[in-house]
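In the order they appear, the protein sequences are chains F and R.
For the first sequence, this note's numbering assigns the number 1 to the initial residue and increments by one for each residue that follows.
For the second sequence, this note's numbering assigns the number 1 to the initial residue and increments by one for each residue that follows.
Hints in this document: simulated from the structure, not taken from any laboratory.
Please note that a few of the clues may not be correct.
To be verified - If you want a taste of the chain F side facing chain R, the calculated C-beta under 8 Å gives, among others: (1) Gly50; (2) Arg53; (3) Ser98.
Owing to the predicted nature of the structure, the values given are computational and were not obtained by experimental measurement.
Even for Gly, the Cβ is constructed at its ideal location relative to N, Cα and C.
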Amino acid sequence: MSAPIETMVSGTINGRTVAVAKDTPLLQAARDNGVGIPTLCHHPALPPDGNCRLCLVEVGGKLAASCLYPLREDGFSVVTESGKIAGARAFVVKLLLSRAPEDECLLRLAALYQTAPDPRLAGDEDGCLRCGRCVRACHAAGSDAVALVGRGRSRKVAGAFLEPPADCAGCLACARVCPTGAVKFRETKNSRSIWGKEFSLAPCPVCGRTVGTPEELARAGLDPGGALCPECRRRAMAGALLALPENAAPKRG
Amino acid sequence: MRLDNPAAADELRTRLINENKTFTRRLWVCGGPGCLAAGAAGVFAALADAVAGLGLAGSAGMSCELSGCLGLCEKGPLVQVEPEGWLYAKVTPADAPEIALETLSKGELIVRLLDDPKIPLKDDHPFYKPQRRLIMSRMGRTRPDSLEDYVAAGGYSALSKALSELGPGEVSRRVEASGLRGRGGGGFPAGRKWAACRSAPGPVKYVVANGDEGDPGAFMNRSLMEGDPFSVVEGMTLGAYAVGAAEGFIYVRHEYPLSVARLKKAVGTAEERGLLGENILGSGFSFKLRTVEGGGAFVCGESTALMASIEGREGQPRVKYVRSAERGLWDRPTLLQNVESWANVPAIVAEGPEWFKSIGAEGNPGTKVFSLVGQVRRSGLVETPLGTPVGTLVDGAGGGARPGRTIKAVQTGGPSGGCLPREKFDLPLDFDHLPAAGTIMGSGGLIVMDDLSCMVDVARYFTGFLSGESCGKCAPCREGLTLIGRILDDLCRGRGRRGDVLELASLGETLSRTALCGLGQSAANPLLSTIRYFAEEYREHEEEGFCRSGRCQGMFVPEIDADACRRCFRCAKVCPARAATVKSKREPPEIDLGACVSCGACLAECRFGALRAAPKKKTGETKARESSKPTPDDSSEAAAGRCSQAEARTGSQKEKKGPGSKRRRS
Ligand SMILES: Cc1cc2nc3c(=O)[nH]c(=O)nc-3n(C[C@H](O)[C@H](O)[C@H](O)COP(=O)(O)O)c2cc1C
Ligand code: SF4
Ligand code: FES
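For reference, chain F alone in the conformation it holds in the complex (with noise of 0.2 Å):
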């Protein structure tokens, strides 16, 4: 299923010639091609944002962030590792350190580009970057109940107004793309805790698994009270095909 041709680019990744199609990504140009770029920020289902910089490459001699520069003319010529890349992505990961400095992707990183954090930065440890996967993930989902608020260093992830966010679901989107596990729930068989908010857990009303929270399916247009599981729902869409009449199967060509 490749792109009609005339919407192709080309030009070279580390020297070698390469053709995508128009308005491809970068990163997405380089990994496709076997070459490997650093990313924090960037979450492959998410809408690129471009603000942890770590993706940093060269096109055409100057820096630009790989994730969301869009390949939009023939004869794009890019680097991925020099001097000058390796020099800002120590600098990104010495600052990212100041905030997860325990952070095993960070320390990789930072023994990789040869840094540390620095000790004047100390004192704001909350293990959050600030790359917003959390807050385009919540989006995502449908809640905007997170956002990043507040501006230069004191910004940080937070519900409205710094309450509990009355529009979270509890769905646990956020948690699960956060690259350093700094957005934190607990949660027992029937229940779970979230920015701060108490939810109960749903269980599957054929299995007994726990399928969500009541918000969170209600959300998905889903009964609050009873729906079924992932699994249990395709068993039974299943079930309900072989039931149906032969001529009511959608035809094809």
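Since chain F is already given, all that's left is putting chain R with the ligands on it; use the hints.
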């Protein structure tokens, strides 16, 4: 009365010019921000009363009006007398009866009201000599809210010509050929944006004016919006016509209520008269213009943040690898220019690109309005051709240093601009020479600093300002500026460590390359330019804990030069610690260094340059203190560093003061 064809606008102009000929004499009280703050409204009211009292109001071809900014704010309230061209300075309401009687009715000059008794004519005054006024040409000749005055002074001749003769392609071509460069900061060729937006496909396009002006100490855009709002409105109408936009927005900072009011009124008046809105001048072209108030964040002046703010989203920059002219406001092709850029457009369209290119320097046509502030004798708004040397503004228009002081540097381009040392004062002020010297044109701020300004402290101050204004989206700016700010804080408190300056230079350079938007990319300019030109001051701070400017508390001791001292004893009076005592009227005061808190108040007070900052003598006690290095977990010190940034930020945001006016609070 609606003007329903292009010729009607020209007829109106001819009629108004003839009417104005009946005036024998007019007084223009400057209604610019500086003069209003100095009490111009009271002067105007008193003059109006006095004129009425003499029975001159409305008859006898005389009048007294409030005008836009005359520029020489330092000497306000100003009154200009036409047709003589005299300029009265520091006028008070008490002067009003005399002005009305002697000057207005009899045509007599009142010498005592002149700034310099030998120079009655405004145009001969050294402040105005190097100037060439295009953007400010109508200020002092028109009432800012009067469409009639604007039209009589040539306004709307460009629009009527565009609609009747030129057509949109030719309007755009004139701007492209004029070589106009954006006045809001980067100096990007306006014509390229016009051409790109004009050829961008799509039925819906927008034009936007950037009137956010967030630089501390800057007020040239404000004076323009308050003093000649119609020029912005006409310029935008021409832009919309050229690119095919039906809607436009003027984004004005919320802290400028008078600008908002004047622009709204201008838009309303232009609509009533058929110069805006549906079917402009009967041509079939329609354009709706609205004003939008900004939320007050500095970063909202950045074009992508500004558009986000207009769209109702958080005013935050976006990474943009596709230009606004292609995809801007609501993802539609958008032509965004600074208000001063827009105000240049009518004259370019009316007079033609060749005329425009004849003013200014190679590749930098036209004029620029600068706000000249800080430690100069005459501060105010100065409009000169681009390419005028820095020194012509600072020493010529500005009159040089204040008594007893010498000028050390000038910071150009607002908070993220760089500082140029005295040796660079022959540098032409334009979009090419400034970046080559490590600074920027920005929106035209010029902050003059004298020998009492510590360049490390200047870098600390602006870094603190920008750190507080950083939106916090990208890591380099959010965390990196904080780190740079903390190192600078340490240096300015005598806690510098070996290697700090080298590290600062490296952090600054990397920040410039990695930040997401222009704020972070330019935020290191104050730091890098001061390191470049004032390396010795940095070295003294780092290695000796010494501040030669007497600015960084506790890092110097005052020393009196007995020969230069004129025994005025002002220093003894201002010393908050009573460390300077007068022993004999014939001897300089004695300074008790044990009591001295090293605040620098005396240095600032001396008019004769007799006091200077000297390195501290190292006693056993101070040595011990200086060698104790701060530890990383010394949270109270870290917290103190943050506080001082917060203080700098609130001070500058609320009152829009430069570093100069913030000094010496003690
Ligand atoms: C942090 C930041 C603040 C800015 N503030 C302003 C401003 O107050 N006014 C302005 O006209 N441009 C400002 N700019 C520049 C705008 O992004 C934009 O380039 C300009 O308005 C374009 O108009 P011009 O080409 O006519 O100059 C700012 C840029 C940055 C990065
Ligand atoms: S450079 Fe600063 S202001 Fe610009 S996006 Fe990054 S954090 Fe925000
Ligand atoms: S991954 Fe591209 S900026 Fe964060």
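Hints, one by one, checked against the model:
1. Gly50: holds (4 Å)
2. Arg53: holds (5 Å)
3. Ser98: holds (6 Å)
Hint violations for this structure: none, all hints satisfied.
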